[in-house]
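Q: If you read the protein sequences in the order shown, they are chains A and B.
Using our numbering, you'd call the opening residue of the first sequence number 9 and step up by one each time.
Using our numbering, you'd call the opening residue of the second sequence number 680 and step up by one each time.
Rather than coming from a laboratory, the hints here were simulated on the basis of the structure.
Since this is a predicted model, take the numbers as computed values, not measurements.
Think of the CB as a built atom: it goes at the ideal place given N, C-alpha and C, for glycine as much as any other residue.
Treat the hints with care, as some may be off.
[Unchecked claim] In silico lysine-lysine, BS3-like type, Cα no more than 25 Å apart, as pairs: (1) A:K242 x A:K223; (2) B:K874 x B:K1032; (3) A:K397 x B:K778; (4) B:K1035 x B:K874; (5) A:K397 x B:K1035; (6) B:K725 x B:K778.
[What the hints assert, rightly or not] Cβ-Cβ distance ranges computed for the label pairs, FRET-style: (7) B:E816 x A:G56: 20 to 30 Å; (8) A:G141 x B:A698: 20 to 30 Å; (9) A:Q26 x B:D783: 29 to 39 Å; (10) A:D32 x B:G1041: 44 to 54 Å; (11) B:P829 x A:G56: 42 to 52 Å; (12) A:W68 x B:T777: 29 to 39 Å; (13) A:M356 x B:R1045: 55 to 65 Å; (14) B:E797 x A:Q343: 53 to 63 Å; (15) B:G1064 x A:Q201: 10 to 20 Å; (16) B:L1047 x A:L351: 47 to 57 Å; (17) B:K1035 x A:A347: 25 to 35 Å; (18) B:D877 x A:K242: 36 to 46 Å; (19) A:H70 x B:E797: 35 to 45 Å.
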Amino acid sequence: MDWFKRRKSAATEPVEHQVVDAADVADYAEMSATTFRTRTARDVLPGGLSAAMAPVFVVWNHSSFAPGESITIRNLNHGGNPLSGVTVLRTAVLRPDSLQRVEYIKVPLARVRAASHGQLRFIFEPGGVELVGGDPSAAGEPDAITDIVLSWEAWRPPGTGYSIKDGMDPAVYQLSMRAYSGVQRFIEDALQQRNWEAYPLSLPGGRAGMAEMLKVSLALGDGAGRCVMSEILKDADDAWVVGGPRGEHHGDAAESWRELQDRLKDAPTPRDPRLDLAGRSSYQTVIRSCASMALYQIKVAAARLVEQGHARPGGRPIVMPGITDIPEWIAELSQTNVAGLFLRGPRMIAFVRKYPGAIPNNIPKELDDAGLLVRENGDVVKTEFTIGKLTPWGPMDHLLIR
Amino acid sequence: MTERREFSAADILDWNRAASPVIRVRVARDIVPGGLALAMAPMFVKWGASSTGFGADDHYIVQNVNIVNNPVGNVVLLATMKVFAASVESVQFVAVTTKVRRRDTPFGHAMLRFIFKEDRRPIILDQEGRPLANDSEVSDLVVSWEAWRPPDASFDPVRGLDPTTYALTPRCLVGAVRCLNDTLLNRPWHCYNLKLPDVEHAPDEMLYSCFALADAVARQTVSHMIDQKIGRGVKLFDDYTEASESDWDAIGDYQRDSKLPEDPIRDVLEGKISYQLLERSCITMALLSLDWGNHRIHRRAGLPEPRRIAITPEGLPSFISELVSGERTPLLLRIPAVMHWVMQDQATLVVGKAPKALAEIGLLERRLGRPVRTVYDNRRKTPYGRLMRHIIY
C-alpha cells in the first residue's frame, strides 16, 4: 500500500539523458553494425526523443517491394530485458510472400479497460523473418522469430509519461511506428498486465493481400519516421550534442548527425498520396492515435488491393478514415480545464458518433463492418491471449520452467 | 508432446572442453541424455581457468550462466562469465513466494543473490573468451538450487519427497533474467540482506563457498546422471544415434577429474546429490550454502565457531519417504505425523519461514530489531528500478 502513497508519475522522475553516439548510429545506418543496444530510460536522439522508440526504417538499397523479394528493416525490437531497461534494436529481413496471417491486436489497458491500444501482428512461415547478425549464439541454432508487431506510438523523451489530454495537441508527440518481435511485445504487455485480443484480418487477395498489408505498413512507418527524424536532425546543434555527457573525441557530432539526415533522404517518395505522411507525422490522440493509424493502414491496403482488381470484401465500400485535418477544438482540449472539457463534451460525442473509429475499442467493429475481419459460423474470430494461460506461442505451462 | 532434441555426448563433451561456450537452448525441446531439460543445466566453475584467492585479478570462469531468457519466446542463452573473486558488494537471501488468487503465500522458492561492486561487475564472454561487444557487464547473479526435470514437467512437491524423482541442479542466472521469469509468473521477491562478519572479503568468501558447493554438486550430479542414465543399449527414439561408450566415459571422467578447490563439500553432501523436497531443496541448499560460507568466513578470520543454521535433521523419518509410494489409506494415516514433522521443521519447507533460521543466528541485517526485508512485487517495482521507467510506449 505504501507504494500508492509514494507513487510519482514517470514524468516527474529525474532521468539523466544521454544522446546516443552519432558514430554508433552511423555504423548502424551503414549496416556495419546490425544491432543497436540502448538504455531505455537514458538514451535519446538529438532533440530528446527516446532512442528506444526509434521507428522502423526500410533499408531501401537492400529491399525490393516486388513479388517474391525481401525487405530489410532496421529497429526491430527483439532480445532486450524490460526489467533491466535494455532495448535491443535489430536488423531483419522480411519475406512478405511468406506471410500466413495478419491480425489486428487490441490491447485493453489494465487500469482503464475502456481504453485500449491497437497494433498489427504479422505471422510468417518459418524462415519468413531472418535476423541479421549481432547475435552471440554458438551451439544450438540461430535466433528465430516468426512474427512481428507494428505499433504506432506517441514518440517522446524517456521518463515522459503518455497523457491522453496532452496528446490532443499535435505539437506534443511525434508518430513512431515501432517494430517488435511478437514475443518481445507480448512480455512487455504482460508485465503491465495487458492481454491481447487477436482478430485475424480478412484482406482482399488472400496471401497477396497480406503481403500488400505489410508493404503498406512499412511504407507508412518508414515515411513517418523519416519525416520526424529529418525535422529533429535539422535542429541538431553541435554545442547541444557535444555539450552532453559524451567526450570530445567524438568530433563534430552535429556534422555526423547532418550526414545521417542526408542519408534519411535516400528513400523513394511514395507515388500514392495515401502513403505519404509528410506533414502528418505528429501524434494526435483522436485523429492519429495508435488505433486510428492501424485502422488507416488496413483500409489503405484494402483500398489498394481493390484497385488492383481483387474482390471488395463483402462487396462493401471502404470508407477511408481521415488522418489529415485536426479540428481546432480538438487540439484545444490539451490546454483546457475541466469546465472546458465539459463544454466541449457534446461536440466530442457528436464527433465520435460520426467517426466511431476514433475510439480504439470500436476498431474491431469498424473492421468487421468493412468486411475485413475473419468470421466463422457467423461470428467474428477472436482469440484472447494472456501470460497466465494461453500465449500466441502455446500454453504458458509449456514455455516456462516453473 | 513437444518434439525433443537430445544433444549428443560429443556435443556435451565439446561444451565442457571449450574455453567459453555460449549455448542457445530451446526450453521445451532441448534435452540432455536421460531426458532432462538442457535449459536447467547446472553451472560449472572452470577451476583450471580460474584463480582462487581475493587478489585484484583473481576470478572464476563460470559456465552455463543463463544470460538471456524471453520466457514466452522459449529460448534460453547459457553463456560463460568471468566473475572477479573480490567483487561482491552484498549478498541477499531471496524468498520468491507464490500467489494464490492475488494473495501472497509463505510458500515458494529460495535462492541467493550476489550484488557486485559497480567497478567489479561480472563480464559475459563470447566464444573466444572476450567480453561481449555491448553491455557485457551484469550487476547481479542469482544462484538457485532446483529440481532438474524434463522440459514442461512441472515441479510436483509430493514426488519431490522421493529422492529418486529429481536430480539436483544448481543454476546460475543473471538477476534480471530470473526476475523477468518470476515477474511473468507473478511471484514477488522478498529480499533479505545478509549481515556477514565485519572482516575483509566476507561477501567474497560467501560467493566462493556458494560457487564451490554448486560446482561440486553439479559435477557429482552430472557424473551420477551419466553413470545411471546413459541408457547404454537403450534406444530412446527411432532416429536416436547411440553414443559410443567411450564418449560417455569421457564425459564422466572429465567431470570427475576436474580439479576441485577443496573437498569438504563432498563431506557436506555425504554423497547425496538428488533433489529431495526436505533434505536437499532450494531452501535447504541455499541455507546450507550460507551456513558453510559463514563457517569458512569465521575460520579464515580466526573468529570463534559461529552458530550453525538449523537446517534439516540428519536422516528423515521413514514415514516421509513412505508418503511418496503409499496407497491412499496408508497415506492418509501418515499425514498427521508428517504435518507434525513439518511444523517442527518449517524453515526447510516454507520459504516464508526460512529467514527466521538466518535471523536466529544473526545472519540478517536488522532495523528496529526486525530483519530488513525489501519486497519487490515486480509488476510495480523491481530491484532494477521502476518498471514503468524501463518500458516505454
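Q: Flag every earlier hint the structure violates by its number, smallest first.
A: Violated: hints 1, 5, 6, 12, 14, 17, 18.
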